[in-house]
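Asker: Numbering follows this note's numbering, with no gaps: position 177 of the sequence shown is 177.
Hints listed in this document are in silico derivations from the structure and should not be mistaken for laboratory results.
It is possible that part of the hints are untrue.
[Unchecked claim] Label pairs and their calculated CB-CB ranges:
#, residue 1, residue 2, range
1, T172, E146, 44 to 54 Å
2, R44, F156, 45 to 55 Å
3, E112, S150, 18 to 28 Å
4, A67, N106, 39 to 49 Å
5, L60, N95, 15 to 25 Å
6, D37, T172, 39 to 49 Å
7, S85, D121, 53 to 63 Å
8, K70, H117, 43 to 53 Å
9, D56, S85, 35 to 45 Å
Note that the Cβ used here is the ideal one computed from N, Cα and C, for glycine as well.
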Amino acid sequence: MKWLLLLLMLFSEYTSTPAESQNDSTGKQYLIINSFDAYAIKARKNKEELYAELTDSLKLYLQESPALLKSGKISVLPVMIADTSLQHIQLLMQNAGANRAIVILNLDVYFENTGTHEYYDSDGKRKKIKNYDLCCKVLYGMYDMETARSPILMSFCQFFTSRHPASGLLATGPDIVAKKKYTFPMVKENVRRLLDEYGPFN
Numbered sequence: 001m002k003w004l005l006l007l008l009m010l011f012s013e014y015t016s017t018p019a020e021s022q023n024d025s026t027g028k029q030y031l032i033i034n035s036f037d038a039y040a041i042k043a044r045k046n047k048e049e050l051y052a053e054l055t056d057s058l059k060l061y062l063q064e065s066p067a068l069l070k071s072g073k074i075s076v077l078p079v080m081i082a083d084t085s086l087q088h089i090q091l092l093m094q095n096a097g098a099n100r101a102i103v104i105l106n107l108d109v110y111f112e113n114t115g116t117h118e119y120y121d122s123d124g125k126r127k128k129i130k131n132y133d134l135c136c137k138v139l140y141g142m143y144d145m146e147t148a149r150s151p152i153l154m155s156f157c158q159f160f161t162s163r164h165p166a167s168g169l170l171a172t173g174p175d176i177v178a179k180k181k182y183t184f185p186m187v188k189e190n191v192r193r194l195l196d197e198y199g200p201f202n
């Protein structure tokens with residue numbers, strides 16, 4: 001019961017949008033929940049920290065999404081949870097005064113090698129070039145007071161760069177941490193695509 005008492009105490013610290021009272025007539029009240037532990041991905045520390053930052057930003061992008069703002073009130077659970085069962089999420093929604101929940105189940109940003117191309121330079125020498133896309137993949141859970149949808153995976157990639165491998169060596173892809181500034185817009189776009197397709201929960 002200690003975890004339940006802790007959650008009840010924390011509910012008074014929910015963050016809500018300033019516009020939460022503008023559209024209450026729709027009856028839709030959303031709770032944003034994080035269940036993704038960025039420090040459990042077993043990567044180097046700075047990559048774990050990046051994923052934690054991206055998760056926080058993902059919650060903010062959901063909270064500030066025009067698609068949700070114009071349809072109801074939005075709150076954010078201030079703690080990460082591990083139990084994403086329907087019963088537990090419904091309890092959290094009930095205590096928060098919400099009737100819908102979006103749960104962040106997993107997040108990944110990475111560079112993907114999309115292929116190697118060969119060409120001849122002006123001296124007639126054969127060259128190779130590798131192309132890399134920047135990809136963003138987020139797994140969401142969507143709940144209401146009666147049901148839980150099957151988890152929704154939103155994934156997309158955009159061309160990022162091309163690299164020439166040194167003679168006799170393989171070209172390595174960009175370092176995701178070194179290119180972190182490009183990952184935040186990808187997460188924001190992931191939210192937009194999610195809500196364009198599924199929100200507000202159709």
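Asker: For the pair D37 and T172, does the Cβ-Cβ distance stay inside 39 to 49 Å?
Answerer: Given about 28 Å between the Cβ atoms, the range is violated.
Asker: Does the Cβ pair E112, S150 satisfy 18 to 28 Å?
Answerer: holds, 25 Å
Asker: Between the beta carbons of D56 and S85, is the distance compatible with 35 to 45 Å?
Answerer: violated, 24 Å
Asker: Given the hint of 53 to 63 Å, check if S85 and D121 actually sit that far apart at their C-beta atoms.
Answerer: About 59 Å separates the Cβ atoms of S85 and D121, which means 53 to 63 Å holds.
Asker: Quick one: are K70 and H117 within 43 to 53 Å, going by C-beta?
Answerer: holds, 45 Å
Asker: CB of L60 to CB of N95, is that within 15 to 25 Å?
Answerer: 22 Å Cβ-Cβ, so the 15 to 25 Å window holds.
Asker: T172 and E146, beta-carbon distance inside 44 to 54 Å?
Answerer: holds, 49 Å
Asker: Falls inside 39 to 49 Å, the C-beta gap from A67 to N106?
Answerer: At 22 Å between Cβs, range violated.
Asker: Lying within 45 to 55 Å: is that true of the beta-carbon distance R44 to F156?
Answerer: For R44 and F156 the Cβ distance comes to about 25 Å; the hint is violated.
The structure does not agree with the numbered hints 2, 4, 6, 9 stated previously, though it agrees with the rest.
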